[in-house]
Amino acid sequence: MQIALAPMEGLVDEILRDVLTRIGGIDWCVTEFIRVSERLLPAATYHKLAPELFNGSRTRAGTPMRVQFLGSDPQCLADNAAFACTLGAPVIDLNFGCPAKTVNKSRGGAVLLKEPELLHAIVREVRRTVPAEIPVTAKMRLGFEGKEGALDCARALAEGGASQIVVHARTKVEGYKPPAHWEWVARVQEVVGVPVFANGEVWTLDDWRRCREISGVDDIMLGRGLVSRPGLARQIAAVRAGEEPEDMSWAELQPLLLDFWQQARRKLAPRYAPGRLKQWLAMLTRTYPEAVALFAEVRREQDCERIDRLLAPSP
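Under the UniProt record's numbering, the residues of the sequence shown are numbered 1 to 315, in order.
Read the hints as simulated data drawn from the structure, not as lab findings.
Using N, Cα and C, we set each Cβ at its ideal position, and we do this for glycine too.
A few of these clues could be false.
With a straight-line Cα cutoff of 25 Å, these simulated SDA-like cross-link-like pairs (lysine to any residue) come out [stated by the list, open to error]:
id, residue 1, residue 2
1, K101, R60
2, K114, R209
3, K177, C76
4, K278, G56
5, K101, E9
6, K114, N55
7, K48, P135
8, K48, P90
9, K147, G193
10, K48, R60
11, K48, C85
Between beta-carbon pairs, the in silico distance windows are [what the hints assert, rightly or not]:
id, residue 1, residue 2, range
12, A282, K105, 20 to 30 Å
13, Q75, D247, 41 to 51 Å
14, Y176, R306, 29 to 39 Å
15, P42, V194, 30 to 40 Å
16, D218, R300, 40 to 50 Å
17, R128, Y176, 32 to 42 Å
Take the sequences, apply the hints, and build the full model.
This is the structure in structure tokens:
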């Protein structure tokens with residue numbers, strides 16, 4: 001069984017990957033997507049979105065990181081994937097699940113689920129081009145508007161050479177609205193001969209147990225549920241090991257929240273850093289009452305030094 005941290009554009013950057021993987025339970029993580037259209041991207045683009053490449057493609061905690069691409073041109077994707085491998089990418093992941101309108105309008109992400117033959121061509125070309133020892137994996141949704149083509153898409157990915165498939169168990173049109181259709185993950189696993197990961201609507205241990213029972217798969221990718229409950233992967237890993245699954249307390253999370261803020265301060269301009277903190281805090285309010293109170297204090301705050309004082313540990 002593997003537990004993966006989902007690649008979420010504009011949310012799970014290298015700072016949050018660093019913090020969440022240090023908590024424990026995550027077996028691997030994925031970069032935000034690298035959009036490829038018509039040219040070979042420079043090394044600087046990869047190092048900006050995946051600075052872990054400088055560290056053996058691992059986070060500070062030692063968690064392996066995969067490089068994800070988004071696009072529709074098989075040859076251009078393959079060329080960029082091969083280049084990423086020369087920079088140290090240990091796994092190439094292909095995004096066929098992004099529901100963003102701007103991405104779909106430019107023929108990327110979930111809109112490609114309308115064209116299973118193109119999915120096959122992309123994976124086949126990337127698989128043919130990158131070194132044989134580098135796995136190629138893929139993430140998909142159940143379809144664009146309906147689910148009737150989900151199995152054809154999954155077959156296309158597997159037959160093209162994907163060694164793992166993550167299934168976000170909703171269509172593009174369904175977005176992030178509950179429920180996730182975990183029963184379709186089981187149907188996908190029935191028609192492909194590669195490991196399938198379930199993804200979508202796993203917010204708690206009980207959700208994970210239901211997902212595993214309904215989907216029939218052990219492997220899981222956690223997204224918003226893990227960002228909102230940072231100890232969730234550690235809890236699942238504890239159950240997997242036959243241990244007591246202790247939840248993460250606010251007191252345990254506070255130093256990591258401070259570290260996240262300090263990293264954001266170093267990386268981002270003062271006008272942007274507060275927004276990153278508020279983004280994560282807003283998601284933490286789902287789990288922690290203390291986050292609700294803190295979010296209320298920083299919600300309209302733009303002064304980084306005042307935020308420093310609000311996050312400083314009590315004497």
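Restraint status (C-alpha distance of K101 to R60 at most 25 Å): 34 Å, violated
Hint consistency between K48 and P135 [alpha-carbon to alpha-carbon, up to 25 Å]: 23 Å, holds
Satisfaction of hint between N55 and K114, Cα-Cα up to 25 Å: 38 Å, violated
Pair hint outcome, K147 versus G193 [Cα-Cα no greater than 25 Å]: Roughly 20 Å between the alpha carbons, so the hint for K147 and G193 holds.
K177 paired with C76 [C-alpha distance capped at 25 Å]: Violated. K177 to C76 sits at ~33 Å, over the 25 Å cutoff.
Consistency of beta-carbon spacing, D247 to Q75, with hint 41 to 51 Å: 48 Å, holds
Pairwise hint evaluation, P90 against K48, where the allowed Cα distance is 25 Å at most: Cα-Cα ~17 Å, so holds.
Beta-carbon spacing of R128 to Y176 - inside the hinted bounds 32 to 42 Å or not: Roughly 34 Å apart at Cβ, these two residues keep to the hinted range, so it holds.
Pair hint outcome, K101 versus E9 [Cα-Cα no greater than 25 Å]: The given pair, whose Cα atoms are some 13 Å apart, holds under the 25 Å limit.
25 Å Cα cutoff - pair K48, R60: 16 Å, holds
C-beta pair P42, V194: status relative to the range 30 to 40 Å that was hinted: 32 Å, holds
Supplied distance hint 20 to 30 Å, evaluated on CB atoms of A282 and K105: Holds, at about 27 Å.
The structure shown violates the earlier hints numbered 1, 2, 3, 4, 6.
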